[in-house]
Amino acid sequence: MSLLTVNAVTSGYGDMEILHGVSIEVGAAKIVTVIGPNGAGKSTLMKTIFGLLTPTAGQIIFAEEEITGLSPDLVVRRGMAYVPQVENIFPSLTVNENLEMGAFILTDDFSGQLEEIYELFPILNDRRKQRVGKMSGGERQMVAMGRALMLDPKLLMLDEPSAALAPNLAATIFERIVAINASGVAILIVEQNAKESLKVSDRGYVLASGRNRFEDTGEDLLANQDVGQLYLGG
Amino acid sequence: MDILSRIPQLLVYGVISGSILSLGGIGVSLIYSIIGFSNFAYGDMMALGAYIALGLFSLFVSWSIPNTPLGPLSFGFGFILAAIFAIGLTAVAVVLIDRILFNRLRNHSSVILMMSSIGVALALRNILQFFWGPQPHYYIERIQIASVIPGLGIRIKPDQVFIILVTIVLVVLVHAFLKYTKMGKAMRATADNNALARVTGINTNRVIVWTWVIGGALAATAGILAGIENKFITPELGWQMLLSIFAAVVLGGIGNPYGAIVGGMVIGITEEVSTAFIPTGYKPAVAFIIMILMLIVKPTGLLGKRR
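These protein sequence lines map, in sequence, to chains A and B.
This note's numbering applies: residue 1111 is where the first sequence begins, and numbers increase by one.
This note's numbering applies: residue 450 is where the second sequence begins, and numbers increase by one.
Among the hints, a few may not be true.
As the list claims (entries may be wrong) - With a Cα cut of at most 16 Å, we get these calculated EDC-like pairs of lysine to aspartate or glutamate: (1) A:K1239 x A:E1225; (2) B:K680 x B:E590; (3) B:K628 x A:E1210; (4) B:K631 x A:D1218; (5) B:K631 x A:D1219; (6) A:K1309 x A:E1325; (7) A:K1140 x A:E1127; (8) A:K1140 x A:D1326; (9) B:K631 x A:E1249.
Stated by the list, open to error - Here are some, though not all, of the chain B residues that point toward chain A, as calculated from beta-carbon distances under 7 Å: (10) L601; (11) G602; (12) I605; (13) D608; (14) T630; (15) K634; (16) A638; (17) N642; (18) R647.
Hints are computed from structural coordinates only; laboratory data are not their basis.
Glycine included, C-beta positions come from ideal geometry on N, C-alpha and C.
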């Protein structure tokens, strides 16, 4: 049963079409990675799914309901969360305030969820009162993911979660991603350097110039020589 | 020696005018950082509040609501009641202006919003002039004797102490609102990163309405306090202060409400102290010189944008 189905979606900025009919599927509680070179349209795909860009053709179906063209605040309420690649935190707010903002649409008590996120990222627990703008790249990424998890989404979308992180930090982030997934959250990742990401993925897609190129299980994509040479740096 | 002996007294005047500039500066700064444009109508929103208070006060006098002066102050219950209602009504009026005009231009560039705010400024000022005329209207007719603080030789009127106290209370309230309430935090989040606020599910439209409510209430308070300090109001009241308020906001760091308080105090005090050395007529130039120097030396302002 597929949780998210993107069907032949065409999208872009204004008159500039970036995606020329891209299709992907994310199964419930699966990890899916979309890889591809710079400019392949990976971020555009994320923004289109989340309603920040309106597709000019195709459909997006989430949890058996069409969400094509829905605005982000409505998409959030359906159970999808999105962590942009850059500017994904509120820098002048503290760690705790960033997470509270993640629960903005809730009217009931969310302290249980808050504690779960501090358990998932223990390093943040000691820094609840610290302003996020002053924290390191890895910590910011954890805050950004924590913020997105506050609503206990069915699908978490991560745009380049390990970009600009030192290798050991990137490994920590992927370890956390697997832990989040183990609690039943489906995860859609887009990555430029995607070996780490494909290793943990159930399924992978290769996007190039706004079109689907390859599609396979994560393992098989890693083993695929063409994909390796062209998109994974040999 | 004579000049130096005047300085303590001028410092006190500086703190009083700095209080009014700070309140205006907080409003301008919040609107700039959350809604995203320099609101040139802010001075006239201050005047609007001052005139609504005047209108309500005359109404209350005709209803014979008592206005015997409270303690040493030169005004009483009737005036304070009129001021409180005027603050609320100004907030409503400012939200209406947003719904009618600014909200429709939200997807345009900040320059368009700024230009339209100049239109709002002119419209408001002329509406006030249409109903009340260009001549000054007196808030307070009686003369208040200043008390002398023993030892320092500083003179201050009870009304001026009232202005400073009201400012302190409002600054603390705004700070508590921004720091501890859900809406206050959402306002700071929206100021930080509007796109992420929407992705997070924050209702940014409600954030904008709240920003206007607070901005409008602070404008009205600043306008009324300026009326108390000057004893009279004219339709030009806010416009004349707007440039000092902008200087205060730039000095403190545009978009940072805490910077606006620092900036307001520095501009207020420098303007007053300058009169010991240069003719009073040059007072408005002082704010500009400080603003230009700040823009050259450190364009992000004293406190910068909070990051």
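Results for each hint:
1. Distance check on the hinted pair: K1239 of chain A and E1225 of chain A sit about 15 Å apart at the alpha-carbon level, within 16 Å; holds.
2. Annotation: proposed proximity of K680 of chain B to E590 of chain B holds, straight-line Cα distance about 7 Å (limit 16 Å).
3. About 12 Å separates the Cα atoms of K628 of chain B and E1210 of chain A, which keeps this hinted pair within 16 Å; it holds.
4. Distance check on the hinted pair: K631 of chain B and D1218 of chain A sit about 13 Å apart at the alpha-carbon level, within 16 Å; holds.
5. With a C-alpha separation of about 13 Å, the suggested pairing of K631 of chain B with D1219 of chain A holds against the 16 Å cut-off.
6. For the hint linking K1309 of chain A to E1325 of chain A, the alpha-carbon distance of about 15 Å falls within 16 Å, and the restraint holds.
7. Distance hint between K1140 of chain A and E1127 of chain A is unfulfilled; the C-alpha atoms sit about 29 Å from each other, more than 16 Å.
8. Straight-line distance between C-alpha atoms of K1140 of chain A and D1326 of chain A comes to about 14 Å, which keeps the hinted pair within the 16 Å bound.
9. About 24 Å separates the Cα atoms of K631 of chain B and E1249 of chain A, which puts this hinted pair outside 16 Å; it is violated.
10. Residue-level restraint check for L601 of chain B is violated (minimum Cβ-Cβ distance to chain A is 39 Å; threshold 7 Å).
11. For G602 of chain B, the interface hint is violated, since its Cβ never comes within 7 Å of a Cβ in chain A; the closest pair sits about 43 Å apart.
12. Annotation: interface hint on I605 of chain B violated; nearest CB of chain A at approximately 37 Å, more than 7 Å.
13. Annotation: D608 of chain B was flagged as interfacial toward chain A, and the flag is violated, the nearest CB pair being 37 Å apart, outside 7 Å.
14. Proximity of T630 of chain B to chain A is violated relative to the hint, the smallest CB-CB distance being about 11 Å (cut-off 7 Å).
15. Taking 7 Å as the C-beta cut-off, the interface hint given for K634 of chain B holds, the closest approach to chain A being about 5 Å.
16. Checking A638 of chain B against chain A by beta carbon gives a least distance of about 5 Å; that is within 7 Å, so the hint holds.
17. Satisfaction of the interface hint for N642 of chain B is found here, the shortest Cβ-Cβ separation to chain A being roughly 6 Å, below the 7 Å cut-off.
18. With a least beta-carbon distance of about 5 Å to chain A, the hint placing R647 of chain B at the interface is held under the 7 Å criterion.
Comparing the model with each earlier hint shows violations of hints 7, 9, 10, 11, 12, 13, 14; every other hint is respected.
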